[in-house]
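A.B. asks: The listed protein sequences derive, respectively, from chains A and B.
Just so you know, the working numbering puts 396 at position 393 of the first sequence, and the rest follows in order with no gaps.
Just so you know, the working numbering puts 438 at position 435 of the second sequence, and the rest follows in order with no gaps.
Because the hints were derived from the structure by calculation, they are not lab data.
For every residue, glycine included, the Cβ atom is placed at its ideal position computed from N, Cα and C.
Do not rely on the hints blindly, as some may be mistaken.
[Said to hold, decoys possible] Covered by chain A, per the in silico footprint, the following chain B stretches (three or more residues, Cβ under 8 Å):
1) 198-209
2) 333-343
3) 697-707
4) 831-837
[What the hints assert, rightly or not] Chain B is faced by these chain A residues, among others (derived, beta-carbon under 10 Å):
5) V10
6) Y39
7) L143
8) P252
9) N253
10) W385
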Amino acid sequence: MKIKRPVLFIGVFAISILLTNFVNVVVKTTRFSESYPSVLCPPTLLGTTSQVSVMSKKTMFQSVESKSTKKKPLGVTRYLIKKDSLLIEANGVTPTIWQSRANSWAGAAICSGPTSEQWFVGGTADVTSRGKLVVINSGLGSAIVDIGSWSARGKGPVKTITIRAKSSIITALDMFAPGEGAIALHVVPRSGRINAFMLDVQGKGLKNLGGDFVNSTNALGKEIYISAIPHQKNNTNNPTAHKLRIVNPNGVDATITAELISSDGSFIPVGLNARKIKAGSVSEITLKPKISANVFALRITSDEPITGSVFTMVRVQGRNGLVWDFVWNTPSPELTKFRLAVTGLSPLLVFTSPNINIGMEVLFANGKTMRKTLKGFDIASWRVPDNAKVISFIGVSNATYGAALITSSDGYGAIPLVAGSSLSNAAIPNSNIGTLTPW
Amino acid sequence: MAAQQAARDSHYVTAILVVHDGAIWLPQVLAALASQTRLVNRVIAVDTGSIDGCVKLLKSARISIIETERDCGFGEAVKLALDKFPTQSRFASEWIWLIHDDCAPAPTALSELLIAIEDRPQVALAGPKLLGWHDRTHLLEIGISIAGNGTRWTGLEPFEYDQGQRDGIHDVLSVSTAGALIRREVFVELDGFDPNLALFRDDVDFGWRARTAGHSVIAVSKAVAFHAEASASERRSVDVDGAFLHRPLLLDRRNAAYVLLANSSWWMLPWIAIQLLTSALGRSLGYLIAKLPGYASDEILAVLALIANPNQLIKARRWRKKKRLVSPRVVAAYIPPRWSQLRLALTRTGESIRERLLPTNIDQSTSARIATDDEDLLVPIQSARWRSLLRKPMSVGLLGLSILTLIWSRNRFGSISGGALPVSQTGASDLWESYFDSWHQVGMGSASAAPPWLAVLAAASIIFLGKVPFMMTLIFILFPVILFWSSHFLFAKLSKSASLAVAASVLYAISPVSIAAINSGRIGTLVALIFAPLIPLALRQWREIELLHWRRIFGVSLLLSLIFSFTLVAFLILFAFSVTAIISDYLKLRGGLDLERFKAKLFRRITLLIAPLLVTLPYSFEALLNPSRLLSEPGFALAGGGPNLAALGNPGGPGSPPWWLISPILIMLLIALFSARSARGVAEIGFGFLVAATLISTLAISTHGNYANTPVWTGTLLVGATLAALVSGVMILDRLREHLVRTNFHYRHILAGLLLIVTTLYTVASVAWIATSGANSPIHTNLGSVIPSFLAVEKNTKTLVIREEKSAGSAGLQYFISRGSDIQLGDPDVAPVESEVMEIAVRDLVDGSGILSSKTFANYGIKYIFIAQPSGKEIVRTIDGLGGFNRASATSAGIVWRVTGVTGRLIFTDAQGARSAIETGDVGARTMVTAPGTLTLTENYSRSWQIIENGKRLPRVKNDDGLTQFSVFEAGEFSLIHDGTIRRGWLSLQFIAIVVVVIFALPAGRRKREISEKELA
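So here's chain A without its partners, still in its complex pose (with noise of 0.2 Å):
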C-alpha cells in the first residue's frame, strides 16, 4: 500500500494542531481601560489668590462654571486661578494648588478627583470662623449632596444641597454647628459629580488668625497616621501646643492611643493612651510635645472606625515681619506610587513607617530629573529641591505614610501625599448587539 500520500495528510493535520495550539492565544472579549478621571481645584476666594501646579504646559483645563465644554491647555505650569474651579485633565499628575492672603495665611490642597464620601475635620463654628466650605458639582446634570455635621456636642441635622450642573455652593462653616468651636463635616453626594473643599480662615476682630485648607479624608479608620506636623518653638523657647481634633462618628465610644513619631523617638503622650472618644462627638486634645524635632507625626490607633487631623499654630517670616498662620494636617492613605507637581513650592516631604524605603525621582523645571532614595525608620523627611516640578514617586516601602509641608512668605500649608485621582481600571464595555437579547 502506498503509505506517503495518506502519512503526508496525516503530517499536514497534526502539523495544523500543533501550530494553531502554539499561536493560539486566547481571545480576551474582556478589554479594561486605565484612565484617570479629571481632577477639579478649588475655585479662589475673595481676597485671595491661588496658584496651580501642574506638570505640563499642555495640561488640558475648563473652567467649571463656563457654559463650554471645551477645554484648553493651561499654557504654563503653575497657573493662577481667577475665580472659578478648574477641570483639569491631569492625566495621572496629581497638580498642587496654593491658595494664600497676602501677609495673613496660606493654605495647601490637592486637586481631586470625585469620591464617594469626604470627611473633613477642621474648622471652627464659633466668632472666630470666617471658614467655608465649598461644594462644585462639575458634572453636567444637577447634583444632590448630604452634609453631615458634628461637634463636640454631637451630631447635627444632616444637610442636604442641591447643585445646579457646573456650579458651586459655598457655605460658611458656622452654618453647620453655630457656636461650636471644633466641628467635623461629612460630605456624601447622593448623584452627581461632586468635589468639596474646607478653607478654615480664623480670625478675632480684625485679628487674623491663620487660615489653611483643611483636607479631607475618604473614609475612617481604625489606625490613621497624620504626618509632617510642624513643630515650632515660641518666644520663650517652649514648644508649641498642638490639638488633636478627633471624630467618632459611632454609636459606641471609641478608645484611642496617639503614638507620638519623630526624630526624638516616639512615644505616647501623656493622656493619649486609651483615651476615651465619645460617641458621635468631635473631641479636641491638646499636644504639647516637649522635642526638639521640627516635624513630627501622630499615629493613632482606635477600636472604632474614626478620623482626625492636628491643628498647629506657626508663624512664618512674611515680607513685613512674622505672621501667624495655621496649619491642619490631616490623615494620609498609605503612600502608593504616584506623581506630584511641585512648581514652585519645594516643599518638606516627611514619611512615617517602621522601615522606610521610599524612590523618588524629581523632575525640574530644565526637564532634569534627579533620583532620591530615602531611607530610614520610623520618620524621615526630605525637602524637595528648589525648582522642581514633578515628584515621581516610584519605589514605595510597605505602610509608610507621607504628607508634605509647604511653607511661603504668607504662611503654612500641609497636605496628605494621596493622588488626586487614581488610575481607574475599569472593563470597557464591548458594543454587542447581543445586548439586547436575553441569554
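Could you slot chain B onto chain A? The hints should help.
C.D. replies: For chain B alone, coordinates are given in the frame of chain A:
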C-alpha cells in the same frame, strides 16, 4: 339505408385538396380519398408551389391539378379551385370538401358528414372528428373555437384519449378546414375565406362569419379524419403571403388577434385588446422561461404587426358587417369562459409537474406475459402489515430519531430564540419589509444590505401562512429529521445496505456539528448541513464538469445560491475547490488536453462560482468588500470552540457537545486514508476541511454587531469534514463484512472493530447527552425581553443598554443602543459599526472619567441609559456620581437614567444655538421648523438621507459625530426621507440574476419542429 344512400346521392361533393410540400403524407391522403365509401364527385388539387414531388404524386393519381405560386394562401387556393369549376345546379345541394395534404379522412368520413347534414338544412359547415396522424387514439379536435386571449380552443384535455367520450353531433363555432364540408352557396355568399388569413385561424373566422350570417356549424364525430397538423407543428415551412419571417407561431397569433378584433362587437374591443396584449406578454414570459426567445418574440410581434396596420382591421370589420344577419353575440355561447381556460391551464401545469416528478414508465411490466383479468383474481390480495415497517431500517431510524428529537426539543415548543438566533418577526410581511428596507433601525441605524436568507425565510413562511415564529419552531424541531432525510439521499446511493445508509444518516443528524448548530440556533450551518449531501450528487462529474449540461450547472448554481444566502463560508469552500480544479485543468491542458474542453470546464466552474454570488447580491458584494463577513453566520456572533475541538469535528461554542463526546469523524477519516482509492479520495477532502477548520478557528473576527473579537465558528467547514468522514465510512463498510468473513484475521478486522466501538460509544453517549443536558440549549422558548416594557413605550427612543456578560466563560460589560424592541431576525447581520466617539463616551461613562458622556449621548439622540441587573454596584455609583444623568427608575430589571439635555431623533438647533427635538416617524417624517438653523438627524450618516423643503433638497453634511446634518435656511414644512433608490437598484439586479439563473436552470421548451411526430401524435 336506401334513403340515406339516396340522400347522399342528392349532394354534389367537390373535394378540394390543397397541397404544399406534403409529399410525406400525400400518398395516404390520396388513398383515403379513393377509399371513401361515398365517393366524392369531383377531386381538384391545388398545388401551391410544392418542391417535394407532390405534383408528380397527384398526376400519377390522375387528379386535376391547379398549380399556383408558393405564397398562395389556403383560402386563395380554394377560391382558385372553385373559380375553375362551375356550380352543379342539377343536384339538390353542392358541397366542397376541403382536404389538407396532411389530412387523411377515414373511409366513412364523407358518408357520415353527409348523413349528418341531411336533415339539418341550416348547416353550412360540418367537420369531422380529427384524430392524430400517428396515434390514432389521440383526439385532436371535434369542433374548434377561440378564447378571449386568442388561444385556439378545442375544449379537450392535453393528449386526450379518444374512447368515444365526445361522440355525437355538436353545434360548434367552427371546425378545422381539414376535412371540412362546406355548402358551396354559403361559401360563395360569405366570399370564402378572408384573404387576410392566408393560413391559420381562417377556419375559426369562417365559422364565426357563418354563424353571424345565420347558419349552423356542426362537428360530426362519426366522421373521422387523421391530421398531421404539419404547418402548425412546423413540419414544413410556411410560405404564404403575409407570413412574416416564415414563422408559423407569429402568423397564428397575428391571425388569432385579427379574428377576434374583426369579428367581436365593437364595445368588446378594448377588453379583447387588453386580453390579447396581456396574454401575449404572459406567453412571451413563459417562452422566455422555456428559453424559446423566438416564440416569445412571435407573441409580441404578432400584436405589434396588427397594431401597425389598423386599416386592415377597419376594412375587415366593414366587410363582415355587410354580411352579418344576426348579432355577433350569437357566438358568445361558443367562446370558452375564462374559468374553463383557467381550469385547463391548471390541468396542464399539474400534468406537466406530475409528469416531471412521476414520469410515466412505459415499460412497467417486468413480465413478458400480460396478466389476464382471470389471473388477477387468483393472486391473493397483499395487505401491508404496519409491523413490517418496523423491520425496515429506514422506518426504525426515522422513528428513533423522531422520538429523540421530541425529547431534545422539549424546551423549544413555542416561540424560540437564543444563541445566535434572534427573536422572529411576527409575520412574513415583516421579514419582507426587513429585506427590502434601505434603512434599518438597529443601533445608530444602518444602510447595510439585508441578508438574502431573510427573503428565503419570508418566502418559506408562506407555507406556514406567514407565521414566522411557528415556522422557526417547527423547523428547529424537525431539523434532525430533515438532516437524516437529506443525508439519506446520498448514503443510499453509496451503499446497497439499507442499514448502513440509515446508520450513517443518523450519525449525520446527531454529529457534533449538527447538535451544536441546532442548540445554538445557527441557521446558516443548518442549511449547509441540509443541502451539503445534495452537492456531491449534483456534481458527481466535478472533474469532467464539461460533461454537465448548462442546465445542470445553473441548477446547481441555484442550490449553491440558497446555501450562499445563509453562509458565505460555502463560497470560500467552493472558491478553494474551483481554484484547485482550474489549476489541475490547466496542467492537463499543458499535458495535451483539448483547449475547447478546457474552456468548457473553465466556463462551467466560473459560472458555478459567480452565479450564486450574483443571485445573492448585494449582500455578497458587501461581504467581498468586508471579508470578515465571509466567515460569519446569520444572527448573533457567538464564539466557536477553537482549534482543538475543531480538529475533532466539534465546532464548539454555546450549546455544543462537551469535549469528551468525541465523534468517530477523525478515526473514520484516518482509516479511510489507508483504504480503497475512492474512499481515500473522499477522506483527503475531509482532512482538507478539518485542517481548514482547525486553522480558521484560531481567527477572531468582529462582525454582526459584536465588536469584540470573537473566535470564528467553523461549523460550515466541519459540515464538509463530517460528510466526507461519513461518506468514506460508508464506502469502507459497504461490503466489508463479506470481505472480512472471507479473509483471515488481520489489521482490517481490528480497524473495523475499532471503528464500530467508537461509533457505538459516540452514538450512545451523544443520545444520552442530547436527551439530558443537551436539551438545555441556548435556544429555547420564553426568553423574555431585556428592555423593560416602560422603555419600549416611547416609540423609537434610543436607550443605551449596558449589561454584564456572564456567558461563554467570560465576564465583561457589553452595550448596545436599543430602539425599544427586541432584536429580530436579520438585525445583527446589518448592525452598524459603532462610532469611535460613542465608544469613548461609553468607556468614559463606565470608568468615571466621562464628564461629557451625557452630552455625547444627547448628541446621538440617546434618551436613557439602562443598566440591566445583575450589574456591579460600582458602575451604578459611577454613573450616579458622574453627572449629566438623572435617575429615572430602579427596578429588579435594572436602573434607568435619563440623559439630561435636549435629545431626540431629529434635533433642531437655531441660530442662537438653542436645541429642540422634533418628532419623527420610524424612518421618514413630515414636519416643520420655525426658524433657520441646522437639523441633526441622530442616525448614522448615509448619503440617502434627504430633507426636502419647498421642493429643494437641503444641503447635507456629516458632522464631527458622524451624524447627518442639514442646513435649514428658512422656516417651513419639510420632509425627511431615506432614499431607497440604490437599494432598489441592487434588488433589481438581484432579481434579474435570479430570473436568469432560474430560466437557465429550468427545463428548456422545444420548438415544435423539434418534437417527434410520435409525441405530437
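A.B. asks: Give a verdict on every hint.
C.D. replies: Structure-based check of all given hints:
no. : hint    : verdict
1   : 198-209 : violated (count 0)
2   : 333-343 : violated (count 0)
3   : 697-707 : holds (count 6)
4   : 831-837 : holds (count 3)
5   : V10     : holds (9 Å)
6   : Y39     : holds (7 Å)
7   : L143    : holds (3 Å)
8   : P252    : violated (21 Å)
9   : N253    : violated (23 Å)
10  : W385    : violated (33 Å)
Hints 1, 2, 8, 9 and 10 from the list above are not met by this structure, while the remaining hints are.
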